[in-house]
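Enquirer: Below, each chain spelled out in residue letters.
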Amino acid sequence: MSAAPSIAIASGKGGTGKTTVAIHLAATLLFHRRSVQYLDCDVEEPNGHLFLKPKIDAVESVGIPVPVVDAARCIACGKCAGVCEFNAIAMLKKPLVFPELCHGCGACALVCPVGAIRETPRAVGVAETGRAGCIAFAQGRLNVGEPMAPPLIRAVKARRDPEAVALYDSPPGTSCSVVATVRGADFVVLVTEPTPFGLHDLDLAVATLRPMGRPLGVVVNRADEDRRVQDYCQAENLPVLAELPDDRRVAETYARGELLFDRLPDWRGRFEDLWARIEERL
Amino acid sequence: MKVVLTSSGQTLADPIDMHFGRAKVFILADTETGRAVAHDNAQNLHAAQGAGIQSAETVARLGAEAVVTGSVGPKAYKALQAAGIKIALVEAVCPGTEALRRFKDNELPVLDQPNGESHWV
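Each protein sequence line maps, in turn, to chains P and X.
Count the first sequence with the numbering used here and you get residues 1 to 282, in order.
Count the second sequence with the numbering used here and you get residues 1001 to 1121, in order.
Don't read these hints as lab results, they were simulated from the structure.
Note that beta-carbon positions come from the ideal geometry of N, C-alpha and C, so glycine has one too.
Among the hints, erroneous ones may be present.
[Unchecked claim] Simulated pairs of lysine-lysine, DSSO-like, Cα-Cα distance not exceeding 27 Å:
1. X/Lys1024 - X/Lys1002
2. P/Lys93 - X/Lys1086
3. X/Lys1002 - P/Lys93
4. X/Lys1086 - P/Lys79
5. X/Lys1078 - X/Lys1104
6. X/Lys1024 - X/Lys1078
7. X/Lys1002 - X/Lys1104
8. X/Lys1086 - P/Lys94
9. X/Lys1086 - X/Lys1024
10. P/Lys93 - X/Lys1104
11. X/Lys1086 - X/Lys1104
12. P/Lys13 - P/Lys53
13. P/Lys13 - X/Lys1104
14. X/Lys1024 - P/Lys93
15. X/Lys1078 - P/Lys93
16. P/Lys93 - P/Lys79
17. P/Lys94 - P/Lys79
18. P/Lys94 - X/Lys1002
19. X/Lys1104 - P/Lys79
20. X/Lys1002 - X/Lys1086
21. X/Lys1078 - X/Lys1002
22. X/Lys1104 - X/Lys1024
[Stated by the list, open to error] Not the full set, but computed from the structure, chain P residues with beta-carbon under 8 Å of chain X:
23. Phe86
24. Asn87
25. Ala88
26. Met91
27. Leu92
28. Lys93
29. Leu96
30. Phe98
31. Leu101
32. Gly104
Next comes chain P alone, as it looks inside the complex (with noise of 0.2 Å):
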């Protein structure tokens, strides 16, 4: 049997409900009585946690390897200096290391002709892996003040059971993060919300995620009258997974840290139906 398939869920805007999709979808996948593992890849602020709660069994650090210069090899040809496209080594009198803008490449080691250049990890946060109940769960945790995050987010999604439906929780926005997250997924969704920004960052989404190649679907939260993402998917020819409407109370379970189900059981059958939706395009 292959491996289970792997769900990428991302938005162009923040803030218009990837987690709450993310673990919901989770939920349901266990009524389902499938093995589901949910892996946050916003680990600029992961918060799946805050929901899940899961026992974290493993915390391990991740880093990136970046140069070190044997002073008493190097012959200051700058060749190193020269090939990287992250300006992270300064040629002067001698290379000048700058390791928080190195992205770990290795370019800058194949060059030197003298071997003056060996590679050392620099951390760039830890990645973690447990259990919530009957939900897989691992996040990444990147450091504060660290820029470097894909290196983080591969480690993450490393860290995936091939045998459970993989649910990766995406950041916002189009950057290398969310390319990151999304590569190698079977199907991405894409949660937005019915206003210009979540209209506006959908589509700038979508043009980021096509050339990918992976299967896309929208899902509308907050649905209301105003049907100008509806009428962009159609003519973008983007299936509408699902309409989630505004509720209130859906904002004051979120705000608590709550799962939706558990106090809202009309809303079970929303994501049955999303799930369905996803389920028959992978």
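Place chain X on chain P using the hints.
Expert: Chain X only, in chain P's frame:
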């Protein structure tokens, strides 16, 4: 002595650019001969990251011993220090000619720590 002034234009008559890393133009001036040559900094001006570091590298390559500017961020400061380049500060925008005269008369304070904000990272 060779000194680089960060400038918003091509000549010493133009106002000083107060930013070091993303300065529009570097004017390399010789304090003895008065000769001044403009060097475009467009490449670093539009760099995604590390503009200050690259600008420091450019200044070092031009052979300057000092730089006259308005503000220098932490990484550019570190790079300029490593290259042994002195940083002299103007507190407000003025023409390059005036900044150069004040530099020659030792009227400009020398920076001994970064005074600019780090951008992005």
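Enquirer: What hints, given by number in increasing order, does this structure fail?
Expert: Numbers 13, 19 and 32 - these are the hints that the structure violates, sorted from lowest upward.
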